[in-house]
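For this one, chain L is given, so just place chain Y with the ligands on it according to the hints.
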Amino acid sequence: MTELISDELPITRQHPFDPPAEVTEIRDKARMSRLRFADGHLGWLATGHHQVREVLASPKFTNDPARHHQSDARFQGEVPPERRKVEPGMFLSQDPPDHTRLRRMLQGQFTVRRMNQLAEWIGTIVDDQLAHLRSLGGRADLVKEFAMPVPSLVICAILGVDYDERHRFQEDTAKMLSLDSTFDEAMAAIQRVQAFMRELIARKKENPGDDMISDLIATGEPTDEEASNMAMLLLLAGHETTANMLGLGTFTLLQHPDQLKVLKDEPEVIDNAVEELMRYLSIIHFGPVRTATEDVEIDGHLIKAGDTVLMHVPAANRDPEKFPGNPDELDLRRPASGHVAFGHGIHQCLGQQLARIEMRIGFSRLFQEFPDLRLDVDPEEVPLRTDMGIYGVHSLPVAWSA
Amino acid sequence: MKISVDQSRCCGSGMCVLTDPDLFDQNEEDGTVVLLVEHPGPGHEATAKEAASLCPAGAITVS
Ligand code: HEM
Ligand code: SF4
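Just so you know, the sequences run in chain order L and Y.
Residue 499 in my numbering sits at position 85 of the first sequence; the count goes up by one each step and never skips.
Residue 8 in my numbering sits at position 5 of the second sequence; the count goes up by one each step and never skips.
Honestly, the hints are just simulated from the structure, not real lab data.
Every residue, glycine too, gets a C-beta built ideally from N, C-alpha and C.
Watch out, some of these pointers could steer you wrong.
Unchecked claim - With beta-carbon atoms standing in for the labels, derived distance ranges:
#, chain 1, residue 1, chain 2, residue 2, range
1, L, A435, Y, K52, 51 to 59 Å
2, Y, S66, L, T637, 40 to 48 Å
3, Y, G46, L, R617, 49 to 57 Å
4, L, N740, Y, S66, 29 to 37 Å
5, Y, K52, L, P473, 17 to 25 Å
6, Y, G46, L, Q584, 25 to 33 Å
7, L, A588, Y, K5, 17 to 25 Å
8, Y, G46, L, R528, 23 to 31 Å
9, L, D541, Y, V40, 34 to 42 Å
10, Y, S66, L, A533, 31 to 39 Å
11, L, E599, Y, S7, 47 to 55 Å
Unchecked claim - Listing some non-contacts, in silico: residues in chain Y with all C-beta distances to chain L over 12 Å:
#, residue
12, K5
13, S11
14, T35
15, V40
16, G46
17, H47
18, E48
19, A62
20, V65
Unchecked claim - Keeping only pairs whose Cα atoms sit at most 25 Å apart, straight-line, the calculated SDA-like set for lysine to any residue is:
#, chain 1, residue 1, chain 2, residue 2
21, L, K589, L, Y577
22, Y, K52, L, K589
23, Y, K52, L, N530
Pulled out of the complex, with its shape left as it was, chain L reads as follows (with noise of 0.2 Å):
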């Protein structure tokens, strides 16, 4: 069998909502094919559905930064391995037994129940959101005024971080995710964000609140090291992708008027349209990555010991194999539950049924109360978020009748 190799990561989308057609082509030729690395690795892309779930769930993998070939040089500059090594409490990036340990302290937090059970206040978020956005008259940027605010304050209030501190993360943590910073002004935001959360972890430890942080240094389990980098893993983690979600998949539906029919004339379909947008918009631009600690075979192709697998969720979304009939169109009523927007195997996402509540309800109040909500500028004149490691839009421009 003769391999298939791609010299570096077609990156560059021909339509917002859809994966590059260069890596569909890819996958539709070979679920697993040979990729570049940045350092002339000969590694391996794997875009096929099967494929991606058979390296996440392999404990044969490890998500430590410092063993992965660095996938690419075009963003950050060329790495070298020793300055991306883990700092302890990152536990997505850590493999078992740390992994487990640390992520244990936190499951408990994150358990359908316990996310069902706030429900209600999120309700209230979104709603005081809607009205703010009502509040603005008949036009606003919905990312600016909607998408973001509503699970930055969430996740704020979960860990207890004033929400009126945003500032000393948020541009922070956008910089960890841009993909144009370069590598030493990542690590300048990472190290300031981190700074805050000691300070943050310090002060809870003297004035504990009822608060995720603050039941977590309770337990006496984590270092406080540790426990900052939880909480900052926590606090990037739960309200960029949830929010990118938000206002992408806004854009989606308003760009799908059927589609969003379906949702207004039958309200009961929202649990799985909020499956079928992660399947289809995936939301991570491409990611994640393993390495190989030791030869495995996946789907028949020999992964020697250190090679890495650059694995392509939002191309495994689209993967006619896994979802039949036509998985490029946006169908809220298909069966989309099996999607790996949300990660496979050990690492996959802590915070996955939170974020389907806040999408749940956000979407369903924001087109309740603003039922003729449109874009309010041509779609082309949407900015995209191609720059960024999470995919969506910088702003949403949209209007109704006042």
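Relative to chain L, chain Y with the ligands alone:
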């Protein structure tokens, strides 16, 4: 049909509870799976299988 769960593999994703709350629950302490029904009735066989296939950690088996 018989469902079995392995708490030591579970990563508390909640996918099983989301799929069928009549069959699965999560421990309040560490979010790991609690099996409510070992032998699901015919009405729950499909969701039991779905939960097993969705489980990110391979912690659910049906036989
Ligand atoms: C639509 C919204 C969201 C999406 C698309 C999303 C996506 C993801 C993905 C793909 C991963 C796995 C990354 C990997 O395997 O390398 C992940 C992990 C994670 N997410 Fe989310 N996420 C969302 C919302 C949230 C929220 C609201 C929170 C927190 C409150 C959160 C917290 C986390 C954490 C802590 C991890 C690391 C889990 C681990 O390593 O065990 N996420 N997320
Ligand atoms: S789906 Fe699997 S990992 Fe998630 S809570 Fe259930 S058993 Fe645990």
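Hints versus structure:
Checked against the given bound of 51 to 59 Å, the beta carbons of L/A435 and Y/K52, roughly 35 Å apart, lie outside it. Checked against the given bound of 40 to 48 Å, the beta carbons of Y/S66 and L/T637, roughly 42 Å apart, stay inside it. Look at Y/G46 against L/R617: about 51 Å separates their beta carbons, and that is inside 49 to 57 Å. Taking 29 to 37 Å as the suggested C-beta distance range, the pair L/N740 and Y/S66 conforms, at roughly 35 Å.
The hinted window of 17 to 25 Å between Y/K52 and L/P473 holds, with their beta carbons roughly 23 Å apart. Distance hint check for Y/G46 and L/Q584: the Cβ-Cβ separation is about 48 Å, which falls outside the suggested range of 25 to 33 Å. Between L/A588 and Y/K5 the C-beta distance comes to about 50 Å, which lies outside the given range of 17 to 25 Å. One distance hint, 23 to 31 Å for the beta-carbon pair Y/G46 and L/R528, holds here, with the actual separation near 27 Å.
At roughly 37 Å, the beta carbons of L/D541 and Y/V40 sit within the given window of 34 to 42 Å. The hinted window of 31 to 39 Å between Y/S66 and L/A533 holds, with their beta carbons roughly 35 Å apart. Under the hint 47 to 55 Å, the C-beta atoms of L/E599 and Y/S7, about 50 Å apart, fit the expected range. With a minimum CB-CB distance of about 23 Å to chain L, Y/K5 clears the 12 Å threshold, and the non-interface call stands.
Residue-level check failed: Y/S11 sits 9 Å from the nearest beta carbon of chain L, not beyond 12 Å. Not every CB of chain L lies more than 12 Å from the CB of Y/T35, the least distance being 7 Å, so the non-interface label is violated. A cut-off of 12 Å between C-beta atoms confirms that Y/V40 is not in contact with chain L; the least separation is 17 Å. Under the 12 Å C-beta cut-off, the non-interface status given to Y/G46 relative to chain L holds; the minimum distance is some 18 Å.
Separation of Y/H47 from chain L is adequate, the least Cβ-Cβ distance of about 16 Å exceeding the 12 Å criterion. Consistency note on Y/E48: stated as away from chain L, and its beta-carbon is indeed over 12 Å from all of that chain's, at 17 Å minimum. A Cβ of chain L approaches the Cβ of Y/A62 within 12 Å, the least distance being about 10 Å, so the stated non-interface status is violated. The beta carbon of Y/V65 sits about 16 Å from the closest Cβ of chain L, which is more than 12 Å, so the claim that it is off the interface holds.
With a C-alpha separation of about 19 Å, the suggested pair L/K589 and L/Y577 falls inside the 25 Å cut-off, and the hint holds. Restraint check for Y/K52 and L/K589: not satisfied, since their Cα atoms lie roughly 42 Å apart, outside the 25 Å limit. Pair hint Y/K52 plus L/N530 holds up; C-alpha atoms about 24 Å apart against a cutoff of 25 Å.
Comparing the model with each earlier hint shows violations of hints 1, 6, 7, 13, 14, 19, 22; every other hint is respected.
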